[in-house]
Amino acid sequence: MSNQFIYLSILVASVGTYFCRAFGVFSARNISTDSPIFNWIKCVSIGVISAVIARIILFPVGILSEATSMSRIICTLIALVIYFSFKKNVILAVSVSAISFALINHFI
Amino acid sequence: MFSSQSFKDGVKHAIGVPALGLGSSMFAFGAFLHSAGFDIFQSFLSTFFTFALPGQFVMAETILAGGTLLNVFLAVLLTNGRLYPMTVNITPIIRNNNIPKWKQYLSAHFIAVTSWFNMFAVHREINQEDKFDYFVGLGGFLWANSVLCTVAGYLFSNIVSHEILVGMVFINPMYFLIMTVSNLKEKKLICSILAGAILSILLNDLFPGWSVLIAGVTAGTAGYFLFKEEVINE
Chain D
1 MSNQFIYLSI
11 LVASVGTYFC
21 RAFGVFSARN
31 ISTDSPIFNW
41 IKCVSIGVIS
51 AVIARIILFP
61 VGILSEATSM
71 SRIICTLIAL
81 VIYFSFKKNV
91 ILAVSVSAIS
101 FALINHFI
Chain Z
109 MFSSQSFKDG
119 VKHAIGVPAL
129 GLGSSMFAFG
139 AFLHSAGFDI
149 FQSFLSTFFT
159 FALPGQFVMA
169 ETILAGGTLL
179 NVFLAVLLTN
189 GRLYPMTVNI
199 TPIIRNNNIP
209 KWKQYLSAHF
219 IAVTSWFNMF
229 AVHREINQED
239 KFDYFVGLGG
249 FLWANSVLCT
259 VAGYLFSNIV
269 SHEILVGMVF
279 INPMYFLIMT
289 VSNLKEKKLI
299 CSILAGAILS
309 ILLNDLFPGW
319 SVLIAGVTAG
329 TAGYFLFKEE
339 VINE
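Which chain is which? The protein sequence lines are D and Z, in order.
FYI, in our numbering the residues of the first sequence are 1 to 108.
FYI, in our numbering the residues of the second sequence are 109 to 342.
Same shape as in the complex, but just chain Z (with noise of 0.2 Å):
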């Protein structure tokens, strides 16, 4: 049964600093997008249909750089792969019996870094009937600001200083450091966060498209299996 509460809950939470987060970089993309030669309603439908940011620059880029169409799903696939093993992380946290498959794949459009890191933080806080409908509220909430947010960048981009742009699209970056390092808890987690990065950086000349996937999942597979025995103190 939905729980309306919850679904409050979870939008109380997105808004502050995860949509402002998210929004200023949305916004930036709008402004990127208008630069670019794309129309309000391409940059609108880009936002509401694929709601992944390092996907959607890469897509806008890889057409600028007379890409084809092939091109694009690979480059798109590759740079949002990562959505892939965060989905399998949280869909058997918000989960429950009395879920549809249906409601499960359409709410799984809504997960993101952003909405992953911020379920991550609260969901020991909440009653596992509860949980998937405090999900939505978060994840929708953020999706539907994103949307607005790159609309505003596109039709506010003549207003707004590029200084200003190169500063807002910093901001989600940043956020999303400092969330990772709010997980510097466990031992496992460290190891992953630290390797993750070195061999990202590390692979980038050698695999420039699959640098990322390689390196986190080579990572996270070091950071189990090392610290595998470790007791976690909740």
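In isolation and in its complexed conformation, chain D is listed as follows (with noise of 0.2 Å):
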């Protein structure tokens, strides 16, 4: 692993970003707010977001990936259940959720 390599592999990493965000910027260029297709790219954004997610729970990568499956979910539940508890509370749901999963992580 050269350090040429790496920052061609940035570079190369970026370009791909960035390509589709440049896309989407031309791609809406005719869309407006109160269109049929916003409405569909909204739902199909919240959709892809949400698979991300239980990508991301389920099959991490990454530091993630070093973690049980059952504390990642076990901890995902802990927050959906804070949420909705506690008023909607998103501090609160997102910290204890993630103060328990370093603990659960530590002590198993």
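Take every hint as true, because none was put in to throw you off.
Stretch by stretch, here's where chain D covers chain Z in the computed footprint (C-beta under 8 Å, at least three residues):
{"no.": "1", "region": "144–155"}
{"no.": "2", "region": "167–178"}
{"no.": "3", "region": "186–192"}
{"no.": "4", "region": "285–295"}
Since the hints were made in silico from the structure, they are not lab data.
Everything numeric in this text was worked out from a predicted model, so none of it was measured.
C-beta: ideal position from N, C-alpha, C; glycine also.
From these two lone chains plus the hints, build me the complex, please.
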């Protein structure tokens, strides 16, 4: 793994990522917020994000893959239960879930 | 005309939970790059130019697995393909006739899940002519914070325990999850969210690289057409 290869990899990763964004701006040039395609794209966007979250929780890459699947699932449920039990408090739900996750992976 | 007040309001919006959620994961990513043998400048450049965490992880893991540049490009393109519908969706909301094309293309770099969700949550409360500057403040701050957090994670990875790093990297998906379920208001979105999650899991073994995009497009299309006639009470 040479330094030059890493720099080139960062470059191609950045080009690939920016292409998705730039092509999105280009594609949106004739779309208005009250058009049917806008509402369809909104559904697709949230469907994709939901798919990403499910994949991160059940089939993660990187550091999260070192934690057990059970700990990820339990702490996801903790976040949801706290969010709906405590007046939709985002900070409380996210922080308790993350702290629980760190503790479970420390002690198990 | 640039509205500094809208820009500042966007920055204020980003400070707090959005910056903490994304920043903590970027911190863990910086620590991961340190352990993977990247140098600090490479870590800095990765977030500065890419600013899309799942794709950044995929890039690093593809390099570590001995992949070629083409492997890196395709893996990142597939992973970050989710940014395409998000950009198509947010662009008509934030633009106005006074915003030149080059600014729209430049600000697209700030589009990520966190900035998308947060802009969506408030855009109806902002005047149309102020939305672009608000988004630049919001997304720009999240981007700058992410770059700093990546570098901080790289520098302080030896001080922070591995368990804490694992906990930090879990903050962002939980934040995404909570922001997603906060959208459980319209039937078409509820259907898109549930079907997207279920299909992503079911398709993961069949289409490992494509499962997220196939699941998202299928779920969103089903949600839209099944509840097309739904009346929304704003």
